[in-house]
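The letter at position 430 of the sequence shown is residue 429 when you use numbering that gives the first Met the number 0, and the numbering goes up by one with no holes.
Simulated from the structure, these hints should not be mistaken for lab results. A hint or two may mislead.
Cross-link-like lysine to aspartate or glutamate pairs, in silico, EDC-like; alpha carbons within 20 Å at most [what the hints assert, rightly or not]:
(1) LYS13 to ASP1
(2) LYS248 to ASP367
(3) LYS313 to GLU421
(4) LYS431 to GLU465
(5) LYS431 to ASP297
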Amino acid sequence: MDRDYRHLSYWFDKLNEVVTPRAPLTRNLEVDVAIAGAGFTGLWTAYYLKKLAPELSIAILEAETAGFGASGRNGGWLMSALEGSGAMLRELAAPQADTVRAQILGIIPEVERVLKTENIDCDFQRGGGLFAAARFPEQRTRALALLDDLHAQGFGEKDYRWLDAPAATALVNVRGCRGGIYTPHIATINPAKLVRALANAVEAMGVQIFERTPAVAVASRCLETPSARVRARTVVSALEAYSATARTKLARHTIPVASKILVTEPLSSRQWQELGFSTRPAFSDLSRLISYAQRTADGRLLFGARGSYEFGAKIRRDAALSVEEIAQQRRYLLDFFPQLEDARITHAWAGSLGIPRAYRPHASFDPDSGLALGGGYVGEGVGAANLIARTLADLILQRGSDLCAMPWAHIGPAENAVRRWEPEPLRWLAYKTINRVFAWEEQLYLRALAPQWQKWIAAATADRLEKLMH
Numbered sequence: 000m001d002r003d004y005r006h007l008s009y010w011f012d013k014l015n016e017v018v019t020p021r022a023p024l025t026r027n028l029e030v031d032v033a034i035a036g037a038g039f040t041g042l043w044t045a046y047y048l049k050k051l052a053p054e055l056s057i058a059i060l061e062a063e064t065a066g067f068g069a070s071g072r073n074g075g076w077l078m079s080a081l082e083g084s085g086a087m088l089r090e091l092a093a094p095q096a097d098t099v100r101a102q103i104l105g106i107i108p109e110v111e112r113v114l115k116t117e118n119i120d121c122d123f124q125r126g127g128g129l130f131a132a133a134r135f136p137e138q139r140t141r142a143l144a145l146l147d148d149l150h151a152q153g154f155g156e157k158d159y160r161w162l163d164a165p166a167a168t169a170l171v172n173v174r175g176c177r178g179g180i181y182t183p184h185i186a187t188i189n190p191a192k193l194v195r196a197l198a199n200a201v202e203a204m205g206v207q208i209f210e211r212t213p214a215v216a217v218a219s220r221c222l223e224t225p226s227a228r229v230r231a232r233t234v235v236s237a238l239e240a241y242s243a244t245a246r247t248k249l250a251r252h253t254i255p256v257a258s259k260i261l262v263t264e265p266l267s268s269r270q271w272q273e274l275g276f277s278t279r280p281a282f283s284d285l286s287r288l289i290s291y292a293q294r295t296a297d298g299r300l301l302f303g304a305r306g307s308y309e310f311g312a313k314i315r316r317d318a319a320l321s322v323e324e325i326a327q328q329r330r331y332l333l334d335f336f337p338q339l340e341d342a343r344i345t346h347a348w349a350g351s352l353g354i355p356r357a358y359r360p361h362a363s364f365d366p367d368s369g370l371a372l373g374g375g376y377v378g379e380g381v382g383a384a385n386l387i388a389r390t391l392a393d394l395i396l397q398r399g400s401d402l403c404a405m406p407w408a409h410i411g412p413a414e415n416a417v418r419r420w421e422p423e424p425l426r427w428l429a430y431k432t433i434n435r436v437f438a439w440e441e442q443l444y445l446r447a448l449a450p451q452w453q454k455w456i457a458a459a460t461a462d463r464l465e466k467l468m469h
């Protein structure tokens with residue numbers, strides 16, 4: 000019986016298609032490039048390889064259907080940003096740092112160019128983004144420190160600028176707003192529409208996509224499935240959070256963390272007047288416990304918060320949230336936007352994103368083994384995957400471009416480019432400990448009468464743990 004993919008996320012529910020998986024691979028195959036994973040990384044890599052070298056034969060293996068993983072279940076932020084870029088830029092001299100910044104800031108313009116070229120409608124809206132200092136006063140200190148750091152990295156006022164409390168509140172009326180950082184370098188989209196359209200686009204270019212065909216082993220010149228084998232000169236692992244589902248020596252370089260998301264019913268014009276979001280900006284606050292929101296194209300509020308990690312890096316297979324999880328996420332939502340007390344929740348789901356040990360993305364290619372690896376986005380993959388895929392394409396084709404010289408680009412064995420996570424139970428214990436300390440700090444900040452010395456201890460402990468994470 001065919002699966003109903005509409006329940007996978009709000010994004011899938013709003014697709015203008017009935018999702019029917021493509022045929023699986025049932026025979027051995029030989030191609031120039033074999034790609035594991037039909038998410039943004041795999042599809043963008045195939046797209047740019049075909050554009051640069053149309054003669055290449057390319058096959059993509061996907062365990063479910065295109066966009067089933069994080070690419071179709073995220074918060075819909077398309078960002079000209081890379082996790083870990085601050086550390087990269089601080090390590091570089093001015094000329095190379097300028098080139099790195101230009102490549103990062105070029106993500107949205109490049110995606111927008113492809114949308115126009117391929118006639119893709121994914122509800123693209125470049126409304127920018129607000130990182131608000133909200134809910135407790137300590138966030139203002141964190142926000143101003145972040146802004147100073149961004150400017151120290153070479154970003155200008157046109158890239159990231161301070162909005163005072165009235166201006167920030169006019170943009171997004173979050174509880175207790177004390178100002179915030181605004182950037183124009185964020186757009187909001189329906190990511191499922193984009194990833195599905197990309198699959199159709201590369202297929203039209205001659206790329207073969209085999210769905211319901213999991214790659215159970217990723218090796219030099221070969222991808223294995225339960226019933227067939229694909230031999231290729233180049234093998235690309237684009238599995239991200241699902242890396243541990245295949246036999247590979249790099250299974251421990253990325254762990255899956257599940258993010259949980261709610262979407263409200265369509266809100267009234269009166270409710271939107273109260274909330275703001277008139278230009279559909281992306282929204283987050285400055286808590287260490289990640290939160291994010293956007294106004295969807297059909298007038299709903301999408302809200303995501305927090306993450307969860309399962310012992311042994313188990314992938315959360317069930318996208319649906321439990322009644323208890325929905326109630327908890329709704330409490331988080333109302334802490335930010337109490338105006339939505341009476342709003343009905345229509346969609347709720349979870350999706351697993353990949354967290355690399357180094358907390359920065361990577362594009363790696365080893366000409367000797369033919370193995371390529373892309374990923375490490377820490378939740379920013381809707382945009383970052385485009386840049387990493389372009390880098391992978393240039394590395395694989397040995398073009399010697401500017402992208403091949405970027406800090407995220409590596410030639411040689413992938414294990415030289417990524418770090419391994421600590422073995423269990425250490426990483427599970429570390430994740431739980433860090434999460435609890437971050438939650439303890441936030442709980443103290445939310446209590447106006449909490450003793451200052453307790454807040455200081457919590458903040459100092461959280462600072463130390465945050466540094467250890469990286």
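Structure-based check of all given hints:
Between LYS13 and ASP1 the alpha-carbon distance is near 18 Å, which keeps this suggested pair within the 20 Å criterion. Restraint check for LYS248 and ASP367: the C-alpha separation of about 16 Å stays at or below 20 Å, so the hint holds. Note on LYS313 and GLU421: the hinted pairing holds, with a Cα-Cα distance of about 15 Å set against a maximum of 20 Å. For the suggested pair LYS431 and GLU465, the alpha carbons sit about 13 Å apart, so the restraint of at most 20 Å is met.
The suggested pairing of LYS431 with ASP297 is violated, with an alpha-carbon distance near 37 Å, which exceeds 20 Å.
The structure shown violates just one earlier hint, number 5.
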